[in-house]
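2 protein chains.
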Amino acid sequence: MMTTQSLILCVPAFGVLGLIYTFFKSSWVAKQDPGTEKMQGIAKSIQQGAMAFLHAEYKILSIFVISVAVLLAVSGANNEASHPLVAVSFVVGALCSGLAGFIGMKVATKANVRTTNAARDGLGKALEIAFSGGSVMGLGVVGLGVLGLGGLFAIFSSVFGIDTVENVTLVMTIVTGFSFGASSIALFARVGGGIYTKAADVGADLVGKVEAGIPEDHPLNPATIADNVGDNVGDVAGMGADLFESYVGSIIGTMVLGAVFMTAPEMSENFNGLGAVLLPLVLAAVGIVTSIIGGMFVKVKDGGNPQTALNIGEFGSALILLVLTWFIIGWMLPAEWSDGARTYTASGVFIAILIGLAAGLGIGKVTEHYTGTHTKPVMGIVRQSVTGSATNIIAGLGVGMMSTAIPIVILAAGILGAHHFAGLYGIAIAAVGMLSNTGIQLAVDAYGPISDNAGGIAEMSELPKEVRQRTDKLDAVGNTTAAIGKGFAIGSAALTALALFAAFKTSYEQTHGTTLSIEITDPRVMAALLFGGMMPFLFSALSMGAVGRAAMSMIEEVRRQFHEIPALRKALDAMTRNEGKEQSEWSDQDRADFEAAEGKAEYSKCVEISTKAAIREMVKPGLLAVATPVAFGFIGGGQMLGGLLAGVTVCGVLMALFQSNAGGAWDNAKKMMEEGIEVNGEKLVKGSAAHKAGVVGDTVGDPLKDTSGPSLNILLKLMSVVALVIAPLI
Amino acid sequence: MMTTQSLILCVPAFGVLGLIYTFFKSSWVAKQDPGTEKMQGIAKSIQQGAMAFLHAEYKILSIFVISVAVLLAVSGANNEASHPLVAVSFVVGALCSGLAGFIGMKVATKANVRTTNAARDGLGKALEIAFSGGSVMGLGVVGLGVLGLGGLFAIFSSVFGIDTVENVTLVMTIVTGFSFGASSIALFARVGGGIYTKAADVGADLVGKVEAGIPEDHPLNPATIADNVGDNVGDVAGMGADLFESYVGSIIGTMVLGAVFMTAPEMSENFNGLGAVLLPLVLAAVGIVTSIIGGMFVKVKDGGNPQTALNIGEFGSALILLVLTWFIIGWMLPAEWSDGARTYTASGVFIAILIGLAAGLGIGKVTEHYTGTHTKPVMGIVRQSVTGSATNIIAGLGVGMMSTAIPIVILAAGILGAHHFAGLYGIAIAAVGMLSNTGIQLAVDAYGPISDNAGGIAEMSELPKEVRQRTDKLDAVGNTTAAIGKGFAIGSAALTALALFAAFKTSYEQTHGTTLSIEITDPRVMAALLFGGMMPFLFSALSMGAVGRAAMSMIEEVRRQFHEIPALRKALDAMTRNEGKEQSEWSDQDRADFEAAEGKAEYSKCVEISTKAAIREMVKPGLLAVATPVAFGFIGGGQMLGGLLAGVTVCGVLMALFQSNAGGAWDNAKKMMEEGIEVNGEKLVKGSAAHKAGVVGDTVGDPLKDTSGPSLNILLKLMSVVALVIAPLI
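The listed protein sequences derive, respectively, from chains B and G.
Taking the UniProt record's numbering, the leading residue of the first sequence gets 1, the next gets one more, and so forth.
Taking the UniProt record's numbering, the leading residue of the second sequence gets 1, the next gets one more, and so forth.
Be a bit skeptical, because a hint or two may be false.
In this list, chains with the same sequence are indistinguishable; a pair is considered to hold if it fits within one copy or across any two.
What the hints assert, rightly or not - Cross-link-like lysine-lysine pairs, in silico, DSS-like; alpha carbons within 30 Å at most:
hint, residue 1, residue 2
1, K376, K620
2, K686, K671
3, K612, K376
4, K365, K620
Note that these hints are calculated values from the structure, not bench results.
Using the sequences and the hints, build the whole thing.
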């Protein structure tokens, strides 16, 4: 039988394993052929832009991290219930999150051009490169999460001991700083990345496509590099930080709740009573191995179906993990135990995990129904596009609102079910269940923007059309899996927030020695609940406003370049004169003008504008999210803080579902019209009035689904984790 | 000194006074000159359409009312804590609400054409008629409210006695049925009216204005009568029922909470301890008198400012009422008393009322800031319209979300303040304070659609332009006051819902003899909270979908008429041929074609379509709102029902603010561009690209601000009142 000590040391080793895998995969990607000189040049611009953004972002964040760390150290030193070492965990959490983003982005900006190059020959190799790039992000996130969290737990448990509830509570109090650090970075990365990507996207589209009439990703558009950088900083680094936070948060929340069981006599047989505390860490560690195994199945021959490959990888990994989970639970937990108030069973814990998985899958399926192509709700938007932009928008808003209903029913049923089978611990471990497969899930998620970028590079390098078609095909197949991933992200965010909320209450009660009753009809709780509910609205308004302002600066810059750079102006004039003609039919002068403009657009200016705007605009919402729970906690006490958290959680989940799904539905409604779809006997195609209405809807949906919506996932977790960290202090 | 008995009998007498005033005012309106035969014909069509809708609506509602009444009677007879007479109160409440809507609509459809006719000569008389029409609605609502509620209380208190807490609790249990009846009718009226008005409006605009290019309210447009009917059924009857519900709900909630004080020894001196129970009724009764007095000040000479007249009337009335309130509280309540847990003071109650008024005013002012013309947020939307519909929509959504922040802070502060000074009773009486001025407030609110209708009639009757200008001026001045009215409506809905929520808890505890602890971290409460929060999203999605479907039927009907009625087709062709020319420059044939089309449009078909669609579509959301709290209460018990109510209240208030304000802001952004506004040196005018983007925004905002947004006010009150009614049964 394994000792507790060796198990605790084993966990970080799995994290190291994940990182070794990451290292090998990224070296393999780097060794692939990056293609022609032109392709390499473009890829280099994207990579430089992405790194410049990370550099600027991390500079600001380091000031934030150091300030908060000092505050945590000082308040920890002055309060018996806390500890100054919380600051160390916080810094390590922030570093791990930042490093995960850096690794993911670094490899994504290498994998993109190599995917393009591989797509010149066929689909199989291209899929392999794109997915390998995604795997690096995925395994990087889980590897750093398990190593960081497991490592801190191992160190602090050997320093302070873990033989009593008091010891473990202290260790957990210190370790929660890790989650706080991860959450802070995640929030800024999501908001900053979201603003960056949409400012560049909207700016590029509105002036480039609409005003100047040049196609997407065309090298003449000065904002086009910024647009592709945006895909990386928003969809790769932003999403990586987001899932890193959920992953870490759900594990820590479960550990805190597991510590309550330590005094149960039945528990002490198992790892000194620590079985329930260590279980989420062990599950996460094993998830790394199954993600690696699942990744090996993602292969496709030319002519094969990449969707099947992704499905086999993801669901295969989940299935193996589920079987292993059954045995791990049997090994780590007693068959039955009691905390005095109720009886728990090992099989109950397993069922809670199953419920978590089923809920995530269910929400994902509903997401797909409301946002996928050719589904009834999205067809409804297409149909309403015939009468113009206004009806398209109304229909999309309606779909978004409607799409909240079933996921909330699933969530509510999941909460009730998990609680029925395993109490509050069950709710927390259900979130862990949803997330233990994060390694491969995130690999699939990150594979999407890499393929997207590959397509952009193909376009900008003016490669033959079939290359772009192949990358489009790669991009498209990831959509279903991505929708399910979104369901897991929102569902796990909600459960993680609840787990952290319960952990906050537990920690407050343990450190204060009193019961914390958060009675909903208490007017102070009700006032806090209203305020908390308002936060996601305010937060969304701030981030949408930020996108609007940043896009405006971008538009002005692109207009300026079209106006002031003579070569660009001449090329645009040539394009206008020859509209609808093939380039071979142009006059020699026009063709010469057009070719002379190559490389004349000042891409770096646009990159700089997006970077500056994103950095500037992420500060206000970020500070708001951190400062509000602190203010409520210290002024209003545990009850008002509890009310605040409940309000943020409820409205945050709803607004996240509403905004993400409305945006997704508009996006696919537009895509359906671009592919050509028949409505009432009329064929809607690209360029039709209905399609133009669809473009309006898609543009409206962009900041909703890529900036404000996903930021809310983090908002609710971050505020709960702040509450957990300050629980001993208020 | 007055006896309790005579005071109880006095209250309904004030209600009768209000109704007598209503009778005289409406006779006066009816005596005014209705203008030319053509005007009368149009007005008659509108009146017939409105009455046809009410008829159809009430037919369906009577089935609903009878079914619910039977259920209430049966369950009341089988449960000791309830009483079969609840059914009687329910029916009376439904009848009063229905009657208030009927009276208001009847006079509004008379006042509209008479206002048009008076506007042919000048502003003063037109204002008087329009405002008198509004007064009938306003005083009708408060008169029926006070008479119905006061009358029921007088009857049941003499039957069951009111000398013990048990007696009063029973009487209040029975009387709450009145509020339930009022709420049910309100919900159907608001939803049905909202669907009607927007289906007609969107339908008329999209085919009429956009496709066929004919101006608003033009007699050639078959949907134009339906559009004007819609203003009446939505803005007059719908709003009247809405405020009737708030008015009654806040009074009943306060009465239930006041009954808790009856055993306090200091209370028994005052009206047998009933002082706190009767206070809200007496305040409402006195508010009738001050509304009548305030109404007398609403006069304007030609050249005078109608806005000033409305302000003097409304604020004058509020001020007199406030002074009287001070004395009434001193008369009815002891200077200080205790319920065992805390001490209350008469001055604390007065301050709570002041806080309610200040909060209502504050929310109104914020509403004006976010939705008024020439304010910074609305100018932001105008500026974003230059880059097209998409940025206009994003900006409007942002403004709507942002606009929730300060009102919520005001509400939260109001809740904390009112509770600080007078406990839960303080929160409830703050809502009564907001609403005791309802008589004149509603008069001003209803004056708006009457002026709007008057303008429509002027247009359809092809009266000289200055008539329309005068009615437009009347319409515009009501806007500020209407914005403040909206603030009161949302603020009072929130406070009323909280009062009813607290009353539900009190009633549950009294009838069950246990404490009801609704602990937010209890997973059952959390699940219910999530579900409750989702309801406003689902409800909005249903009503928006309903508007979309109904508008589609309308569009098809208008297209059919343009296609199948030869006279209409010829007239449209003539208009197209002579676009931009004055009618005098047309060829004789064209002019003849145009005149031949007069009266050929089949208005009644469009009226019928709107009516049928509204009736059909209001059923699902209506039943959902009534059935959900019943299901939660009986299956999940008091705790889950409590969680549900909290979720609905929080998200309902937020979504109502978001939707109403976004809609209002888009509306005024469009209006500013129609008036002509300079942005970055460019003048935006009617017909410009920016204005077209503004029209899209306005169309999107229409169902948000006139259908789904206002319906939520009722949803949250209705669900709370259902909870209160079933509290003894679950």
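Each hint, compared with the structure:
1. K376 to K620: between (39 Å within a copy, 20 Å between copies)
2. K686 to K671: within (9 Å within a copy, 33 Å between copies)
3. K612 to K376: between (41 Å within a copy, 25 Å between copies)
4. K365 to K620: between (35 Å within a copy, 25 Å between copies)
Consistency with the previously given hints is maintained throughout, with no hint failing.
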